[in-house]
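Engineer: Make the full structure from the sequences, and use the hints.
Below are the chains, spelled out letter by letter.
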Amino acid sequence: MIDFWNVLLDPDNSFLRLALYVGTLASLPFGIIGTYVVTRRISYLAGAIAHCVFGGIGAGLYIQIKLGITWFDPMYGAIAAALLAAIIIGLISLHAQQREDTVIGVLWAIGMAAGILFIDITPGYFDITSYLFGDILLISQSDLYLVIGLDILTALISILFFNKLFAVCFDEEFARLRGINADLFYILLLCLTSITVVLLVRMVGIIMVIALLTIPPAIAGIFAGKLWQMMALSSILCAVFTWSGLAVSYQFNLSSGPTIIMIAGITYLITLSTIKLKEIISNNLKSQ
Amino acid sequence: MCKERGRNRQGKFIVQKNIDVQLKNVFFSYNGAPILENVNLEIKYGAFAAIVGPNGGGKTTLLKLLLGLLKPDKGKVLILGKSPEKSRLRVGYMAQYAHLDLQFPVIVKDIVLMGRLGRSRLGWYSKADIKAAESSLAEVKLANYAGHRFSELSGGQRQRVLIARALCCDPELLLLDEPTANIDPQMGETLMEILQELNSRMTILLVSHDIGFVSQVVKSVICVNRQVLVHPTSSLNGMLIKEIYGGDFCMVRHDHSCSMKNHYHD
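First to last, the sequence lines map onto chains A and B. The numbering of the first sequence is my numbering, which starts it at 5 and goes up by one. The numbering of the second sequence is my numbering, which starts it at 68 and goes up by one.
Because the hints were derived from the structure by calculation, they are not lab data. Any given hint could turn out to be false.
[Said to hold, decoys possible] Here are some chain B residues the structure puts well away from chain A; computed CB gaps all over 10 Å: (1) G99; (2) A100; (3) Y112; (4) N122; (5) D140; (6) H166; (7) P172; (8) K198; (9) S202; (10) A210; (11) A213; (12) P252; (13) L258; (14) E264; (15) N292; (16) R293.
[What the hints assert, rightly or not] Below are the EDC-like pairs computed for lysine to aspartate or glutamate, each with C-alpha atoms no more than 20 Å apart in a straight line: (17) A:K230 with B:E264; (18) B:K91 with B:D140; (19) B:K131 with A:D187; (20) B:K138 with A:D131; (21) B:K208 with B:E264; (22) B:K131 with A:D77; (23) B:K141 with B:E109; (24) B:K176 with B:D140; (25) B:K153 with A:D187; (26) B:K91 with B:E152; (27) B:K176 with A:D187.
Remember, predicted model here, so these are calculated numbers, not experimental data. C-beta atoms are modelled at their ideal positions from N, C-alpha and C, and glycine is treated no differently.
Structural biologist: Here you go:
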């Protein structure tokens, strides 16, 4: 760990510092939004949004390179696609009479396919694995500003509308009966999820986004008694997973995204099995 | 109190004073299948009525029409003299706790406080709101459970928390969906006593499977089986109620057809 500190302080390793800053700052929106995604049970929708992001990245590359609009960073395409996907998926899940999951599964695949096709028709070679599995080298200064903006936005919205968002997640029907526009808050939640997902894609890639969004709240939910506690705890866990993932991946020369996910996933499984073991032991003691 | 409320409702919808719930020629179908046909219903202020009927007979649909969660194909629903949407904040609703996620990290007080949502723009709670939540919890005899996690409670306690939440809305009309489901009979009795007490200041309408028990407390019974018929139990004496409902579950459940002949109705 001391080695890692020295490495961090090395001026040559500014990319690692940047990744650490972004990862730490991003832990707040990840924890807050992840908690909503887990308690509202919309991780499947978040997965679909993440895969539509890939279509946006492809379109962004096409616009930037083929159409020659150089200022158009693929990141803008990603954000636009994510928001669009959030609204479409939100409307489908609110208004679809049946087979909602099928429609969302189709959008999921179309997002991916569109991304690949856009990259096909864009001249040049692109390493798509960095989008699929994350690459901290992709993290830029502008991501730092984006994450600070997202920090302020999610914190503001979740503090201002805390009670209403809680009500919509816990008991949507009752929230509606108290005059809350539940549909609007649902779409708002999906839009916030989509922006959060875009940031996560930089860190861990499209495929593993959902894991980092849901594992910290899943662990936090076991211990937290209130919603805000779950958010705080999952933010802390998210930061810890990011730090340890970056340190381990640097030390052993591994891909950072998968390392972060592996640490988070194993922690979750160990937590679950420890609780189960405790239950079994205390039951045995009682029966004796 | 009644007179005051009557005066307060001088809007254009008013047909009759002190009618809390009014359905006029209401039709509702789902995917082409008729659920409710030509329903006419009037429930006066201060009523304590139970909605009964066979499964699939339209009990839940009727409740959702009253709450404004469903819209009738034809006809008119008036709650407290206005459309269900407009009266929403004056109606308290208790759902069954079974549809809630028990893994959700939430304490009892925060659930009860939901009853005060919609009073402020952002949904923040004032000190008065917190006081109201505490007194609602006291009313259902759960004052000491405010800080407990919802998942730690027993079924009966959970159901009472949801009643407290409905009370926290400060309602004029209380709608309950099977308050005695999923709880033991003794707890059910306590629950009905609480409701009986509340009835002195609000109209109560509940959906029930358990009419044999409920009929001892309720003042009228609303039978729903595509059509709706009201039995004013107040005009029946205890013996008659027993004769009609006592122990005869098949009859109570309206597994026979609900014909006009063998029913009293307004």
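Engineer: Look at each hint and say if it fits the structure.
Structural biologist: We went through each hint and held it up to the structure:
no., hint, in the structure
1, G99, "13 Å, holds"
2, A100, "14 Å, holds"
3, Y112, "21 Å, holds"
4, N122, "20 Å, holds"
5, D140, "16 Å, holds"
6, H166, "8 Å, violated"
7, P172, "5 Å, violated"
8, K198, "16 Å, holds"
9, S202, "19 Å, holds"
10, A210, "19 Å, holds"
11, A213, "13 Å, holds"
12, P252, "27 Å, holds"
13, L258, "19 Å, holds"
14, E264, "23 Å, holds"
15, N292, "25 Å, holds"
16, R293, "23 Å, holds"
17, A:K230 with B:E264, "32 Å, violated"
18, B:K91 with B:D140, "12 Å, holds"
19, B:K131 with A:D187, "18 Å, holds"
20, B:K138 with A:D131, "53 Å, violated"
21, B:K208 with B:E264, "13 Å, holds"
22, B:K131 with A:D77, "49 Å, violated"
23, B:K141 with B:E109, "17 Å, holds"
24, B:K176 with B:D140, "39 Å, violated"
25, B:K153 with A:D187, "18 Å, holds"
26, B:K91 with B:E152, "17 Å, holds"
27, B:K176 with A:D187, "25 Å, violated"
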